[in-house]
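Visitor: Take the given structure of chain A and dock chain B to it, following the hints.
Respectively, the protein sequence lines represent chains A and B. Reading the first sequence from the start, the letters are residues 199 to 560 in my numbering. Reading the second sequence from the start, the letters are residues 199 to 560 in my numbering.
Hints are computed from structural coordinates only; laboratory data are not their basis. Nothing here was measured: the structure is a model prediction, and the numbers come from that model. Be a bit skeptical, because a hint or two may be false.
If several chains are the same, the list does not tell them apart, and a pair holds so long as it fits within one copy or across any two.
In the SDA-like style, the derived pairs of lysine to any residue whose C-alpha atoms are separated by at most 25 Å in a straight line are [to be verified]:
#1 K201 - Q488
#2 K201 - L545
#3 K201 - Y554
#4 K201 - R292
This is what each chain is made of:
Protein chains: 2
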Amino acid sequence: MAKLVILGAGVMGSALAVPAAQSRDNQVILVGSPLDDEIIASVGATRHHPTLNTTLPDSIEVVTEAALNDADLRDADVIVIGVSSPGIDWVTSRLQTAAAQPPILALVTKGLVAAGASAPPQTYADALPATLTQPAGGLVGIGGPCIARELALGLPTCVTFASRQPANAERLRESLQTDTYRITTHHDIVGVEACAALKNFLCIGVSAMFSSYPLEQSHAKNPVAGLFNQAILELALLSDWLRAHAVTQPVADGARSMNVAFDLAGMGDLHVTVGGGRNSRLGRHLGEGQALSTVVNGPMQGVTVEGVDTGRHLSAGFRAACANGDLDSASFPLTFAILNCIDNDELFEFDFQSLYTATTNR
Amino acid sequence: MAKLVILGAGVMGSALAVPAAQSRDNQVILVGSPLDDEIIASVGATRHHPTLNTTLPDSIEVVTEAALNDADLRDADVIVIGVSSPGIDWVTSRLQTAAAQPPILALVTKGLVAAGASAPPQTYADALPATLTQPAGGLVGIGGPCIARELALGLPTCVTFASRQPANAERLRESLQTDTYRITTHHDIVGVEACAALKNFLCIGVSAMFSSYPLEQSHAKNPVAGLFNQAILELALLSDWLRAHAVTQPVADGARSMNVAFDLAGMGDLHVTVGGGRNSRLGRHLGEGQALSTVVNGPMQGVTVEGVDTGRHLSAGFRAACANGDLDSASFPLTFAILNCIDNDELFEFDFQSLYTATTNR
Chain A
199 MAKLVILGAG VMGSALAVPA AQSRDNQVIL VGSPLDDEII ASVGATRHHP
249 TLNTTLPDSI EVVTEAALND ADLRDADVIV IGVSSPGIDW VTSRLQTAAA
299 QPPILALVTK GLVAAGASAP PQTYADALPA TLTQPAGGLV GIGGPCIARE
349 LALGLPTCVT FASRQPANAE RLRESLQTDT YRITTHHDIV GVEACAALKN
399 FLCIGVSAMF SSYPLEQSHA KNPVAGLFNQ AILELALLSD WLRAHAVTQP
449 VADGARSMNV AFDLAGMGDL HVTVGGGRNS RLGRHLGEGQ ALSTVVNGPM
499 QGVTVEGVDT GRHLSAGFRA ACANGDLDSA SFPLTFAILN CIDNDELFEF
549 DFQSLYTATT NR
Chain B
199 MAKLVILGAG VMGSALAVPA AQSRDNQVIL VGSPLDDEII ASVGATRHHP
249 TLNTTLPDSI EVVTEAALND ADLRDADVIV IGVSSPGIDW VTSRLQTAAA
299 QPPILALVTK GLVAAGASAP PQTYADALPA TLTQPAGGLV GIGGPCIARE
349 LALGLPTCVT FASRQPANAE RLRESLQTDT YRITTHHDIV GVEACAALKN
399 FLCIGVSAMF SSYPLEQSHA KNPVAGLFNQ AILELALLSD WLRAHAVTQP
449 VADGARSMNV AFDLAGMGDL HVTVGGGRNS RLGRHLGEGQ ALSTVVNGPM
499 QGVTVEGVDT GRHLSAGFRA ACANGDLDSA SFPLTFAILN CIDNDELFEF
549 DFQSLYTATT NR
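So here's chain A without its partners, still in its complex pose (with noise of 0.2 Å):
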């Protein structure tokens, strides 16, 4: 039997209890941040989630956080770092108050941490402390298009298990793999994990262009099947840079790999990404011709765009990749648009010039 710990009852952590529930071989505690009372007291009292707006399972023991025992997190076989970026203090704390150091640690969060004005930003991958990731066993990321709730329906969705350390990215594959949830392995934690923060930036510029080019009732659909590419190129250039000048290397071979870019945490995910949602609501936003300050002073007042957090944590190392050439900056019109509104405020603007400038015979 399996003991699954997931710290954080948000929509993910809790929407990744119900395929974990599934087996009976696997005992599964969801565990409420601080502000997860609400939920907490909810799913006790109805076993209704009320932000995943769905029932969940009775088999899920479900633990507010000062009701949860440090036995049972030194105990679990795995640990779902299960909350969004402002939470990771909060788990990180929790993890080493009882001194837990789990089998598989796997983590949900999305996002990139600035790493200094000209340093590349770090993925959790690395940021988290060593003392949880090492010698623990090496953590798993989570990459791939999974709407929370519709994971939580059990509808079909195909997602990417890394590690550093193979083994354990397919442990858990077998501890959590349904009928309808899929899950493919791969070594390249930075990549899935770059990839998984990075398309919620890059999505805001592919959006834009749902906006920048209406046409009878609708909008062009050519610009954006073409940033939507660009994207995926740009992504896949930026989680090499980032892999590059991640702390540890993965043990695999990578040179006989597919860049992550091109798969479910990817190309996959943007496709989900850019279908919906606030990266996305943004962008439709921006490609009106809004500037962002007018947008989340306006329409999206109070609404956290990770995108632009994202953004913001990846603008300085990434310019100053661009200055001293670790980057080709010629290789990245769709990332600098983005920045320009970020960062300075500008309006959202792609110049298709910026294709395919030269030769390119790839």
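Guide: This is chain B only, laid out in the frame that chain A set:
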């Protein structure tokens, strides 16, 4: 000055004339096929193209086949095969009659040609008569996400020109690129042609996901994204397979290159194809549980669905390759699901359990 003759005044041939005519250095002659008389009459009288539903620039010369001089075909720097697959025979006989061997022959036509019960199908890069493509300099194939009307309206459009002789693709790019028609080049014409045809076929299965999993006045998005990703993975493998059996290999260094399925001709074009059009429409019907025969005799009676024709030309050779081990059946669940509808009129059924059945660690 470059003289371009476009054979076929349907939507794609006519749309290509627009960027071609934007440069004053080009002379552009658009030639109607025997089926295009009404179009030619309309454009001749008012410049209005009835199926593109837009006005063509005055600088494009528009003529019927009967009015075309053989000398114009023999003098052309570029001849564009601008017909859909049923027009290929007209084009080839017209070129042979005129003894035309232009420096550059470009191909808009998309489709596969069955090469026998157990042989892999061919792309037009191989199936066209060698007298046309050799020694005249090597065909240039055109792929990428391009709705013809949007191109004709000057909306931003990104495409790939591919030729076994990269200089030809580059020369054509120089003749046609505008501020908004952006062109990358590639040596892998077989891959680009394979993607151009097969993306229509695979689109049918991806689009079935729009109706297979309805959710609150819309549909679940995770299954669409999962199968979009799967379609590109299968497209890359099918493209590799067709290239391996092509008559002539690319001249450039293939090992260095990315598979074109992960670029405009595959990922980009599938994005726009899934977004609308006849292949996507058929897929949505299949996803509702209707048999192909029901759809083509009912709501889509009389509508040509290119992806179905492509599937018919693919099927025997593909199944033979799976049977003899040239291809690994387990890698093609989506291809099989669509072929079962086309070959056997089975209801569309995609079992997500067929994905990631073993340790992948790709």
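Visitor: Determine for every hint whether it applies to the structure shown.
Guide: Each hint tested on the structure:
{"no.": "1", "hint": "K201 - Q488", "result": "neither (49 Å within a copy, 44 Å between copies)"}
{"no.": "2", "hint": "K201 - L545", "result": "neither (50 Å within a copy, 41 Å between copies)"}
{"no.": "3", "hint": "K201 - Y554", "result": "between (52 Å within a copy, 24 Å between copies)"}
{"no.": "4", "hint": "K201 - R292", "result": "within (18 Å within a copy, 73 Å between copies)"}
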